[in-house]
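Just so you know, the protein sequences line up as chains B and X, in that order.
Anchor point for the first sequence: position 460 equals 459 in numbering that gives the first Met the number 0, and the numbering is continuous, going up by one each time.
Anchor point for the second sequence: position 81 equals 80 in numbering that gives the first Met the number 0, and the numbering is continuous, going up by one each time.
Calculated from the structure, these hints are not laboratory results.
A few of these clues could be false.
What the hints assert, rightly or not - Taking lysine-lysine and the DSS-like style, the derived pairs with C-alpha atoms no more than 27 Å apart in a straight line are:
#, chain 1, residue 1, chain 2, residue 2
1, B, 882, X, 98
2, B, 819, X, 98
3, B, 868, X, 121
4, X, 83, B, 869
To be verified - Derived CB-CB ranges, DEER-like:
#, chain 1, residue 1, chain 2, residue 2, range
5, B, 284, X, 95, 41 to 47 Å
6, X, 84, B, 781, 51 to 57 Å
7, B, 896, X, 32, 33 to 39 Å
8, B, 872, X, 36, 33 to 39 Å
9, X, 128, B, 889, 23 to 29 Å
Ideal placement from N, C-alpha and C gives every residue a C-beta, glycine not left out.
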Amino acid sequence: MAQNLLAFSEDFFMDIKSNGINFLSGGGEMGELMRSKDWRQSLVGDPVTWPQSLRTSISIMLNSRFPMFLFWGPDLVCFYNDAYRPSLGESGKHPQMLGERGEIYWVEIWHIIKPLIDQVLAGKGGTWSEDQLIPIYRNGTLEDVYWTFSYSAVNDESGSTSGVFVTCVETTGKVKNLQEIESKRNSFKNMVVQAPVGVVILKGPDLIVEIANETYLTIINKTEKEFVGLPLFTSLPEVKDAVKPITDEVLKTGIPYNGYEFEIPLHRFGKSELGYFNFVYQPMRETDGSISGIMVVVTEVTDMSLAHRKSIDTEEKLKIILGASELGTWEWILKTDTVLYSKRYLDIFGYDDDSIILQHEEILRHIHPADIAQRQESLREAFKTGNLSYTARIIWNDKTIHWIEVVGKMFYDETNKPVKMLGTIRDVTAQKTYNQRLEESELRFRTVADMAPVFIWMAGTDMLCNFFNKAWLHFRGRSIEAEYGNGWAEGVHADDLQRCMDIYISSFEKREAFYMEYRLQRHDGEFRWISDNGVPRFTKDGLFEGYIGACMDIHERIIFEQKLKDSESRLRIAAMSSELGTWEYDPATETMSWDSASKQLFGSAEDTAGSLELFWSKVHPEDRDAIMQKMLRALDPAIADNYDAEYRVQLNESGEQRWLHAKGKAFFDEKNNPYLFSGTVLDITEKRIALDELKANEERFRFLANAMPQFVWTGTADGNLNYFNAAVYSYSGLTPEQIAKDGWLQIVHPEDSGENIKQWMHSIQTGNPFLFEHRFKRHDGQYRWQLSRAVPQKDELGRIQMWVGTSTDIDEIKKHEEQKNDFIKMANHELKTPVTTIKGYVQLLLKTHGNKTDETLTNALATIDRQVKKLTSLVSDLLDITKIETGKLPLNTEVFSLNSLIGETIKDMQASTQSHKLEFKQLADAMVFADKDRISQVLLNLFTNAFKYSPKADRVVVEVNKEDDMIVVSVQDFGIGIAIEDQNMIFDRFYRVSGKDEKTYPGFGIGLFIVKEIILRHNGRLRVKSEKNKGATFYFSLPVHKYVLSLSND
Amino acid sequence: MYYHYRMIKKGIDILVIDDDPDLCQLMEMMLKVAGFTTTGCNNPLFIQNVLETIEPRAILMDMLLSGTDGRDICRVLKSSAETKHKMIIMTSAHPDAEKTCREAGADDFLAKPFDMDILIKKVTDIINKISS
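This is chain B alone, in the form it adopts within the complex (with noise of 0.2 Å):
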């Protein structure tokens, strides 16, 4: 291959010619401009000396149509091809680079591909990178630029490396692709986030919050920590019985549901109070079609509603006020389109007789054809808004023309219907006159402006002034000369000026109204706010005439509201507690002042003034750099942090102290400077105690626990341990940092580990404590066997909060329980030889001497051969209680009919024991799948206790049922009964009831032990129902056989 490559190559080199390289042919844009380079002044030389393997690495560049890039020699000279050029834009690099240092070019990324170059060039294989972001300068600025690139070596005829080859693609598309999917899914949540409406979104039954917006944690007054991931009715409770019902119908039924001026109880900025919201409860669903969850939006009407409420309360007494007045009063029912009126309107419309009742259709009449349409675009706003408002002609009885003015409000019903509308009348008619008159004369109005207590100004259709009234030359002091044109706007403030050109400009071309304020110079010099109401003229038969405008003065309006902003945010803050004491400092002044409360808290008299050098002489000392350094940064107005600091004061000479919290934040002028810095001051005594109490209960905790012989762990609700006692580290001989680093298994014994993992994620995943066994490293190699537990610690709601864990040192025990099971093991297998033996010879003698007419031998054969057999089970049970310990009980599984195993056990049963009459009652039958011989095990370990422990009686029933997919054996006897304080234990191993008569009946203890193992190996149940002297029943279930069950009900 190489060598087709190198053959390949040489006909790209002809005859050398003036610049040492026209031998080189094709290769486009990049070839040309090889060619025409004088080389002999370069880096690399003339083509002539260049050694061959750069002649092929170029050959190859240029006819490739990958991009490529060569560095050649010591001075990383730049070689590239036409496929390369777009990825170095328009402009910056082409085509100088070619044949010049890498290092000069490639200036802004040298730091990120030296050392790739490096890597190559010092042999140690090439780079492979993907998706690889290298800005790089083109197009006249710094692109961000994703590369898939390989650096690769090229290697001189002496074998050394001599240059570095570079393919690259540039990804930048498909890597701003990815980009832009990423954010396109951030939007939905942004969307959410900055929607100026309230929405929250509520997961789950028990409605988690996902996600709540800026506007609705204003609205709750609660921040996102408080809120979010937390059930709603757990951080609001006090919304829970106006909004359960709601959010249980949306969840059950999924319909929508939109809630109209609702009052919801809500406890907020530190109070109780009623807020009014208008909202939709939208289900949000699943894929399924499952309702997963609630998208609330919701916006907050209090304002709006309270005001409602209180104009209803009016409303009578406002029938009474207008009754009285000029305005004639209307109430129109929409129900049944009635329309009740005063005696006023009546005479509005030109009748003189009270009693003359109209109809709607009559009054509609009267309405001047011209004006019908104007009136009906203000019924259909008033639908919208609420609000009427028009003013129309009516043409009397007796032909004349009179103007009204009809004002009207919309009431609505509690569902938000409107129910009817309630307005007033006015007749107009001398205005109307008179204004018309007004606008047919300039002179006129020059007149009444001139007289007017607001400034006017009027403009041509050039924009430029052309009219000021008198009141606005007095003002300015000026002479209409100055102001005309462009003059008047030499008195505007020039931090408005532009703005107002802007507005009067761009309202002009568009020939609309517009409202600006600004501050204009006054006749003394002083700058004064002004409003200005613009409004463009027209002529008659609408041709547009230039503007006029009205301003006032509202300097002490603008500086009121000023203070009353500043003044506001002070008293929110006050506000927010009673307790809270407020403070104020003046940057200006460097004077503080406190309220009583926090008079009170920092210890000095009601009298006394505050003062910055009473302020810093209360706080502790070691508290005061804290806060300077807290305080400059929010002084700084290029930081503006809000002040928010907790130190201690010392309140008298005994040294008392107390801790508190203040909070605040500086204001700022249109300078920059702060003029303001107030907030709030809290005691937290009690908290910083209660804190200082939970740190000394920890440290108590940690004591402890380093005391303890046994591990002490802790973990978080995710599994993450986080805690160790002093035990762990020195019976590991590992450092914190080391188990920090490396992870607490490092110590669990290989063989342990996986099935550690496994238990320990059950538990975190289940909230089950976790139980488990296993080998421990110790700081000596030796590996010794534990017993951990651990347990979680919930908080309120039962939510995992931490696990906390000890591990005991069990390794003798397990050693012992190991000896003690090898040991039953041998036993067994000791005892069983000499059994087998003696019960061989009894069958032996039984098989040839027992038909013989010896009654005695064959009662002895027959005796000591049930004795035996007791005695093999006895041995047996030992062997199975090592097993069930060692979870090596092995269940051989066949699938047979329980009645038939139970008939077959029962004969066995009787074959040896008449004492007791078994009575069978098959009230069921089913197949299960299970271990015949252990079942088995499991009814004579019952029959046989039940025999043993009734004496007295005669029969023990055996009954079968079914209850669901299970079938139930019970075995009842009527003998001694067990107390129920007892109940529980009867199944543990080797547990015997006390008592004198128990202790007279023989046995191990390990019969119910066993049976309850092999019971609940079987996915089965067991349970007891007695009563002293009252005889027991022990019932255990069994899963019937799916499989059979299915075909026996066929």
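Position chain X against the provided structure of chain B, taking the given hints into account.
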């Protein structure tokens, strides 16, 4: 001489191998009652010698033979061309012994302590199998 000796090996039904002489004798007696011919061996070291003088149709062998593992013997017998056709029933009082005995090549297994009827039945089944 050697070949001649081999030629006159005695043919019997069952070779009983158990390190407990009492048990060995008991099993022989039970089998004899049932009509089988038997030979007993309670020292595993002599098994080879015994097999050179007699020709049993089946072998009844304990698993743990005081110093020798019956399963090893079973494996050896089952891997030799001469003896691999011999039916072997292994016995043990050891829990979980059946599985390993069968893995060693045993044709059947008898758990101790056993019922005489079961012993007779198992041996009869094996002998019948050989005959058929």
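Comparing the hints with the structure gives:
1. About 16 Å separates the Cα atoms of residue 882/B and residue 98/X, which keeps this hinted pair within 27 Å; it holds.
2. Between the alpha carbons of residue 819/B and residue 98/X the distance comes to roughly 24 Å, so the proposed pair stays at or under 27 Å and holds.
3. In summary, the hint linking residue 868/B to residue 121/X is supported, as the alpha carbons are separated by about 21 Å, within the 27 Å threshold.
4. A threshold of 27 Å between alpha carbons decides the hint, and for residue 83/X with residue 869/B the separation of about 40 Å lies outside it, so the pair is violated.
5. Checked against the hint of 41 to 47 Å, the C-beta distance between residue 284/B and residue 95/X comes to roughly 57 Å, which is inconsistent with it.
6. Our hint of 51 to 57 Å for residue 84/X and residue 781/B holds, since their Cβ atoms are close to 53 Å apart.
7. At roughly 36 Å, the beta-carbon separation of residue 896/B and residue 32/X lies within the given 33 to 39 Å, and the hint holds.
8. Between residue 872/B and residue 36/X the beta carbon distance is about 35 Å. The supplied range of 33 to 39 Å therefore holds.
9. Taking the beta carbon of each, residue 128/X and residue 889/B are about 28 Å apart, inside 23 to 29 Å as hinted.
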